[in-house]
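Asks: Residue-level listing of the chains:
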Amino acid sequence: MATVYINDKAVDIGDKKLNLVQAAELAGVTIPHYCYHPALSVVASCRMCLVEVGEKKPDGTVVMQPRVIPACQTPAKDNTVIQTATAKSKSAQAQTLESILLNHPLDCPVCDKAGECKLQDYSYNYGNSESRMVDDKNTPPNKPDLGNNISLFTDRCIMCSRCVRFTREISGTAELHVINRGSHAEIDIFPTEPLNNKLASNVVDLCPVGALASKDFLYTHRVWNLKTQDSVCAGCSTGCSIHLDTNKNVVYRLRPRENPNAQGYFMCDDGRLGYHYVNSSNRISKPNLKSDSGADISSWKDIMLSLRSELKAVASKNASGVAAMLSPFLTVEEGFLLATFIKSISPKAKLVLGPVPVVGEDDHYPKTRGSVPVNVKFTIRNEKCPNKKGIEEVIKHFEGEVVLISDYLNKNSPDALFIAAGYQGEEVSWFDNNLLSQFKKIKLLITQDLFPSALTDASKYVIPSAAFSEKEGTFVNYAGLAQELHWACVPLKQVRTDGQVYLDLLERKGLLQASNIRDEISKSIPYFSRLAGGKLGSDGIHLVNLA
Amino acid sequence: MSALKPEIVEKIKSLILLYPAKQAVTLPALHLVQDQERCVSQQAIVEIAALLELSPAEIHDTMSFYGFFKTELNPLGKCRLWVCRSLACDLRGADELLNKLITKLGVAPGQTTKDGFFTLEEAECIGACEGAPCVLINDVHSHNVSDADKLIDDIRKKL
Amino acid sequence: MAKYEPVLLKRISKDNSDHIDSYIADGGYLGLKKALKDMSPAQVIDLVKASGLRGRGGAGFPTGLKWTFLPKDHPGPIYLCINADESEPCTFNNRVLMEKDPHQVLEGIILTSYAVGASKTFIYVRYEYGDAYRAMERAVKQAYDKGLLGKNIQGSSFCLEAVMHKGAAAYICGEETGLIESLEGKRAWPRIKPPFPAIEGAFRKPTIVNNIETVACVKQIIDLGADWFKSLGVPPDPANPRDAGSYGPKLYCISGHVNRPGLVELPMGISVRELISEHGGGVWKNRKAKGVIPGGNSMGFMTEAELDTKLDFNGPGKVGCLGLGTGAVTVFDDHTSIVDVLYNICRFFAHESCGQCTPCREGTAWMFKIIDRIRKGHGRIEDLNILEEVGNQIGTMPGTTICGLADGAGWPVKNAIRKYRSEFESYIKNGDKKVRTLNLQMSHH
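Sequence order for the protein chains is A, B and C.
Its first residue numbered 16, the first sequence is counted upward by one per residue in the working numbering.
Its first residue numbered 9, the second sequence is counted upward by one per residue in the working numbering.
Its first residue numbered 272, the third sequence is counted upward by one per residue in the working numbering.
No lab work stands behind these hints, which were simulated from the structure alone.
One thing to keep in mind: the hints can contain errors.
Here are the simulated PhoX-like cross-link-like pairs (lysine-lysine), alpha carbons at most 25 Å apart as the crow flies [stated by the list, open to error]: (1) K19(B) / K86(B); (2) K464(C) / K152(A); (3) K71(A) / K464(C).
Given the sequences, and given the hints that come with them, work out the whole structure.
Replies: Structure, rendered in C-alpha cells:
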C-alpha cells in the first residue's frame, strides 16, 4: 500500500506501478504533458510535466528536491510528495510553454485542432498571454502529403516525437522520422515510404497540436460544434471502442476511445475512415412493399400488418417453411428480438447465420523487418463484422446449432425468408451471384438492408436498415467482450432502427431501450447472463472468463 | 541497378559481425558510401536499410542529424575544405580566411566549385586551436592557415 | 618550484612515438603486463580510486567511483566506450595524445577494460580527427599483432576486442549517452537518467564511458602509483566535505590571443594568470586580457581581475564559472568586443543543440537570434534581461533539460551579461553594428 501526496492531498495508489502523471490523475490533479503517452516509451523530452518532487520522511518532515523533475519519468513510491502549483513548478511550466510558442505560427483560426488542442489548453491554464519573442520565427515548409490521409503542418509541430515513436513501437512500420537537428528538426517521411500503414491515422489523435491532420476531416467541421457519443466500431471482430463525432445527424469523424478491456488506445484506418456510407444519399430511405396492383406501399403501419399476416399465412400451410437470416452485423438485442418474432410465427421456423465476411489473415502489429519476435500490440482481425459471436450465441440458443445461410439453402427450400442483412458498408456486396440466385428461388423475400441491390429489387418487402451510428445495442467481439453502442444520429427520413422494427413486429409497445432488452436476454440465454441489469459500463463486460 | 558496390556490401556485412546490433553499423555504412561516392543517394539509403533490417527512414533519421552527409543533389567535391569558425579560430582571423576563400573559390559555404574540386564548408571547433586559424582538408588538419591562395594551390597539387 | 617534468606528454616529440616498438622500448605495456599478472580487476579499481583521479572530459567525476557503479556479478557483456569525440571548442589535448602517443592511450584503455570487466571496447573518435583516428587504428592493429588485444592477453584469461568507430561532426556525441546513442546507430539524442549507463548503457548492457586523457592517466597510475598521482595537484578543501580534490597532472590547452598557443602538462591547480604568462607567452601584441574562458566555451568567463583563479576543479566555480571543464584556456584581448565573443559562442550552441528537449532546442536558438540582432545593431536593453533569464533557466541544474549541453549554452550567456553588462549596454546604446560580410546565416548544413 503506497501513499503519495499530491499538492498536500494523500492518495493511496495501492501496489500499482505508476509514474507521477498517473498518480496525480488519481488525485484529480492534471500534470500537463505532451510527449508522455501510456502506450509509448517514455522520453521526457517536452519538459511540460516538470514538477517539484520530494519525500515525506518518517518523522513527518518533507524534503523537496532542489531541481524540478519530469513527472512522466519518475515512479510513484510510498511517501513521494509532488507539488504542481508552487512558484517553481509554475515557472517551469510557463517557461516550457513560452519556449514552445517561440516558433509557433499561432494560426488557431485556421487550425483543425482548435478546441481540442493541448497547446491552447495548457497555454490558457499554465502559460503567459504574451510572448517576448520579437525575432523572426522559423518557417519550415508544410508537408501536405505525408500519407494518403495525413498532412503535416510542420510549423505547428512541437517535436514531442509521439508520432515517430508510434510508427516504430506500435505499427512497427517506422515511416516517420526526425530530420535535421536543433531548432531546425522536423518530422518527415522517406520519399519511397509514405505514411500509409493501416494504423497511420492514429498519429493524428496522438499529436497534441494541429501539426498532423487527417485529410478526411481537414477543414470539414469545427470540433466544438460536434457532439460526441461513445460507441463501438462495426468494421471487424476486434470491436474497437470509439467516439462518434456528429452534428445534425451527420457523422464527421470516428476516433478511438481508450478501453483496457478492448483494443487499448488505437483503431485501424479501415474502421476510422470507413463511415462515409452512413452519410450516403444512396441509402434505402423508406420501406417498400411491392403490391400486385402495381402501386407500391410505403406506409410502415400497412407494411408491418401485411408482413405479419403474410408470414403467418405461410407458416400455417408449412410450419417449417419460414426462415430468417440473421447477419453478424445485427446487435445482440436485434438478433434476440427478431429470433423471438420469427419463432412466434412458427416454433419450427429456422434461424440461420448470414455470410461472415473474411478478408485475408489477421493483421498483427508491430511489423518487424528483422528476425526479432515482438509482442503483438494491435490486431486488425480478418473477420470483418462486429458481432458474429453475439449472433451465433442467439441462434445457438434458439436452434441448438448454427447453420450458414448458403448451407441451409443448399438443403432446404423455404417458402419465406426474412433476410435481416444490415451489412455496414457500401463498396462491396455481401452476397455473390450464387447466393442471389438461391434467394431468388424463394417465393416470399423480405430484405432488410442499408443499400439497394439486385436482392432488394427481387424482394417483395424491402425494409431499410439503420447504420451502427444510429443504434443502441450490444456487440460481442472475438474475445467475448460485450460492449454498448449508443446512437449518435437519428436515422434519416423514414428509416427505423432494425431493433425498433422487430419490437413493432412483436407488437411490443414503446421505443427500444437496449438496457431493458439486455436484462431480458440475460434471464433467458445463459451465455448472456452477465448482461443482467442492462448496463455494461464504458469498458464493456467479458461474457466469459478469459483464459 | 544497385547503388551499393559489391565491395561496399561485403564491408558492411563484415562490420555487422563487430557490433551487438545491426543498427550500430549505420554510421560506418554511411561513411563507407560517402567516402567513395561523395554522397549517399536515396537508393543507397534504401539498400543500407535492407542490409541492416531497418526502414529507410531510420537510416535517414541518423544521416540527417549530422549534417555531415550529402545527398545526390549536392555531392561533395574531391576536397571538402572546412574552415573552423569556433572561438579560438575566430579570435585569430578565421573570418577573414573564410572570406578570402569564398572570393578565391567563388562559392559560398555549403557549395561546390564548378569544377567539382572544392566543397567549402564551415566547421565547428576541429581541435587544432594551437594552430588557429585552421582548416580541415577532408579529414586532415592544416594549421596556421593565413595564406588562402597558397592553401588552395597546395591542395590542388596534392590531391 | 621545481619545473614539472611531463609524464603524459613525455614521448610526443620523439620520432615514431606512435609506433608500438618505440613505445615498448620506452617501457610501454609493462604496467599492463604487471597488472594482468599480479593484480585482480578489483585491485586495479581500488588503486585508481585511491589515486583520486577525476574524469578529464569535463564533468570531473571520480573515475574509480564511476567504475564501481557497474552491477556486481553481471553475466555480461560489459562495454567500455572511449570518448574521443573531443568537440568542446578550444580543446585539443585528446587529439595530441592520440596522434603522438596512441599506445599510452591504448594501454590505458586495456587496463580500464580489465578493471571494469569489459569484453569489448568501442573507441569513438570524431570524424574531424582523421590523423588521430588512423594513429589509434594502427596502434590497435599493432597491439593485436603483439597479443595485447584479442583472446587471452599475455597468457591471462582476459580477452578484449577493440572496435574503432568514427563520429560525424556533432558536438552532442561527446555527451556520454549521446555517444552511446550515436554508437548504436541512432541520432545522438541523450538518454534520460535513470537508468545510468553503468546499469544500462550501450546496447542495453552495463557500459563505462571514459575520456582519452582519463585513460592515459590510468596507465600512468598503474606505472607510477597512486601516491605519485596524489603528489601532484591540490588536496581537498577542508572546508568543503564534498570536494574530492584535484589530483594529478592536467593537460592545459592554451589558445586565442596569446603569443604561444599550445598544449602544456602541469600539475593541477596552476592559476590562469601564471598559465598564460609562463606557458602561453603572455597576451599577444602587448595587450591585456579582457577575458579568459577557463575550460572550453561552456564554462563562462573570467575577467582580468579574476585571473588569479586556480585551474583545478574548484577554482573556476569560485568566480562564477561553470567549472574547470576541459581545462582549455582561451584568451581574448581588450580590443575584442564581448558581443563578438558571445555571438560566436551562441552560434555554436544553437548549431549543436540536438533538439530533443524544448528548453535547449528553443532556448539556444532564441539566444542566438537575440545576440545576432544585438550584434547587427538592433538590440534593446531588455534583450539583455531576456538573455540572462534564458541562460539561467535552461540546464540540468535547474532540472529543465535532459543533458548538460544546455548548462554549457546558458552559462557563458549569463556570465557575459553579468560581468560585461556595461559593454553590452554601451554597444546597444551607441547603435554599433557588425555585419558579417559575405554572410551566412547560421548555415545549417
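Asks: Now, for every hint given, state plainly whether the structure supports it.
Replies: Consistency of the hints with the structure:
Using a Cα cut-off of 25 Å, the hinted pair K19(B) and K86(B) holds, with the two alpha carbons roughly 23 Å apart. A distance of roughly 32 Å separates the Cα atoms of K464(C) and K152(A); the hinted pair therefore is violated under the 25 Å criterion. Between the alpha carbons of K71(A) and K464(C) the distance comes to roughly 23 Å, so the proposed pair stays at or under 25 Å and holds.
Of the numbered hints listed earlier, the single one contradicted by the structure is hint 2.
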